[in-house]
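Trainee: Chain by chain, the residues:
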Amino acid sequence: MSAKCRALAFVLLVTAYFMVLYGLYNVFMVFGPIKTEIVPMRELYRNVFFHVPINAVTYLAFTLTLIGSIMYLKSRDMKWDTFAFSSAKLGLVFCTLTLITGMVWAKDAWNAYWNWDPRQTTALILWFLFAAYFSLRSAIDDREARARLSAILGIFGYVGVPLTYISTTVWFSLHPKLSDWALGEEMKFVLMLNMSGVMIVFAYILWLEIRYQNLKSGINMEKA
Amino acid sequence: MLKFLVIAKKDLLVEFRTKHTINFMLLFAAFTLLMFSYIVGIYVFTVPNIVPGLLWLVFIFTGLIGLSKAFIRENDIGTLDGLKLSPVSPESILIGKTIYNLVLMLLVEAVTFPIFLVFFNVTVKGSVITAFFVITLGILGFVIISSILSVLVMNAKSRELLLPIIVLPILLPEVIVSIIVLKEVVVEGASFINIIREVIFILAYTVIWGFLSFLTFEYAIEE
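Protein chains in written order, with the numbering used here: chain E, 1 to 224; chain F, 1001 to 1223.
Hints are not guaranteed to be accurate.
[Claimed, not checked] The following label-pair restraints were derived from C-beta to C-beta distances: (1) E/T169 / F/I1115: 33 to 41 Å; (2) E/P33 / F/V1058: 45 to 53 Å; (3) E/S75 / F/K1003: 24 to 32 Å; (4) F/L1013 / E/I100: 32 to 40 Å; (5) F/A1204 / E/W207: 51 to 59 Å; (6) F/F1116 / E/Y17: 58 to 66 Å; (7) E/S217 / F/E1222: 19 to 27 Å; (8) F/A1030 / E/R76: 31 to 39 Å; (9) E/S217 / F/V1044: 51 to 59 Å; (10) E/D108 / F/V1088: 54 to 62 Å; (11) E/D108 / F/I1007: 49 to 57 Å; (12) E/D108 / F/V1207: 24 to 32 Å; (13) F/L1107 / E/W116: 47 to 55 Å.
Hints in this document: simulated from the structure, not taken from any laboratory. It should be emphasised that the depicted structure is a prediction, and the values quoted were computed from it without experimental measurement. Where a beta carbon is used, it is the ideal one built from N, C-alpha and C, also for glycine.
Let the sequences and hints guide you as you build the complete structure.
Mentor: This is the structure in structure tokens:
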């Protein structure tokens, strides 16, 4: 069971590697500038292939944390706590990467790394929400209380995800939407490819993280 | 060796083994930095433009000191257990405590707001009642959010530092909108009709949090 699982994970990881590699090759070697009114954006659009997949994974990770938190409160099974916590950990990493890729792009597109665009503001708030989640976890020693209280905060913190998502429509924002740009069919395909690749990598790291946490706490989830 | 150096070394060793206090302090510093740079950075720097933000900072720090007491005090002296055993629903406890907090905050607001206007020499271009209403609405959300969150940190280590770290990110979206609206009322003289969209946002955000804390309070308070 376990050996098969590991083999499958390895095959998936190699597939994801080639997917992202093919994507990168296209982004830098094949694709030309796109047609748009805004001149710098003709080249800068390439960031889409990094920024968007990473951000999608951020939302996915925090959604899994939400699910894990609700399931923990319902079942009181520690494996859901491990699930929620591991996913939040990765979500925080991917959220950081989203902010960085966004800021690097904004330096060229908006002429400043940071300019309080609603998208930037809400994404940063999302980051702080889950930083708070880990602060709370580190401050409670009792295992059961930690799981229970951080599950509640995991549910609360999720408010940041829809907030970040709708921020560009509710407030005036310079943040481009995908539909603003004339991406060709080939480009959309590569974007989907990159997105799937990054998601597989995320799933793999999440799997590793959960296994690591289980080994650490001495609970073997695979046998349960 | 000098004795005070030994003591300092011991404390530093203990701190850097867990890094509790320093991590919380850094997060708190980062977040206050964020709030300050937002308040100063989004508009042209004039006194009326930044006054709404400063007023909110006063309320936030006052609230953070005072609002957590409602639960923490009862928890520390052990009467919270009695309250839990008594035949009242958990929801009644939460709502009662929230109303208590709200009354305290409204008193603070009623005293601070006029003094603030005098000290900063600001004339409200729009209606003062509208401005007061907007702040009150924001404070209602603040009280609801910090009441439930103070229950979460009740038994945690260094909870005085932890509470702001947890409350501020959740509070910020609402405060930002409140600052924007307040600035429109104070500087541009916007009437209630002009700001109805933002007021609905603050109201909706408050209702969502009321709903969420209602759903989760029972889990938060159990032993």
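Trainee: It remains to establish, for every hint, whether it holds in the given structure.
Mentor: Here's how the hints hold up against the structure:
1. E/T169 / F/I1115: 33 to 41 Å: Since the Cβ atoms of E/T169 and F/I1115 sit about 39 Å apart, the hinted range of 33 to 41 Å holds.
2. E/P33 / F/V1058: 45 to 53 Å: Because 51 Å falls inside the window, the suggested range holds.
3. E/S75 / F/K1003: 24 to 32 Å: violated (54 Å)
4. F/L1013 / E/I100: 32 to 40 Å: holds (34 Å)
5. F/A1204 / E/W207: 51 to 59 Å: About 38 Å separates the Cβ atoms of F/A1204 and E/W207, which means 51 to 59 Å is violated.
6. F/F1116 / E/Y17: 58 to 66 Å: For E/Y17 against F/F1116, whose Cβ atoms are near 59 Å apart, the range 58 to 66 Å holds.
7. E/S217 / F/E1222: 19 to 27 Å: Given range 19 to 27 Å: holds, Cβ gap about 22 Å.
8. F/A1030 / E/R76: 31 to 39 Å: holds (34 Å)
9. E/S217 / F/V1044: 51 to 59 Å: holds (54 Å)
10. E/D108 / F/V1088: 54 to 62 Å: holds (59 Å)
11. E/D108 / F/I1007: 49 to 57 Å: Since E/D108 and F/I1007 have Cβ atoms about 52 Å apart, the given range 49 to 57 Å holds.
12. E/D108 / F/V1207: 24 to 32 Å: About 41 Å separates the Cβ atoms of E/D108 and F/V1207, which means 24 to 32 Å is violated.
13. F/L1107 / E/W116: 47 to 55 Å: With Cβ atoms ~33 Å apart, the hint is violated.
Comparing the model with each earlier hint shows violations of hints 3, 5, 12 and 13; every other hint is respected.
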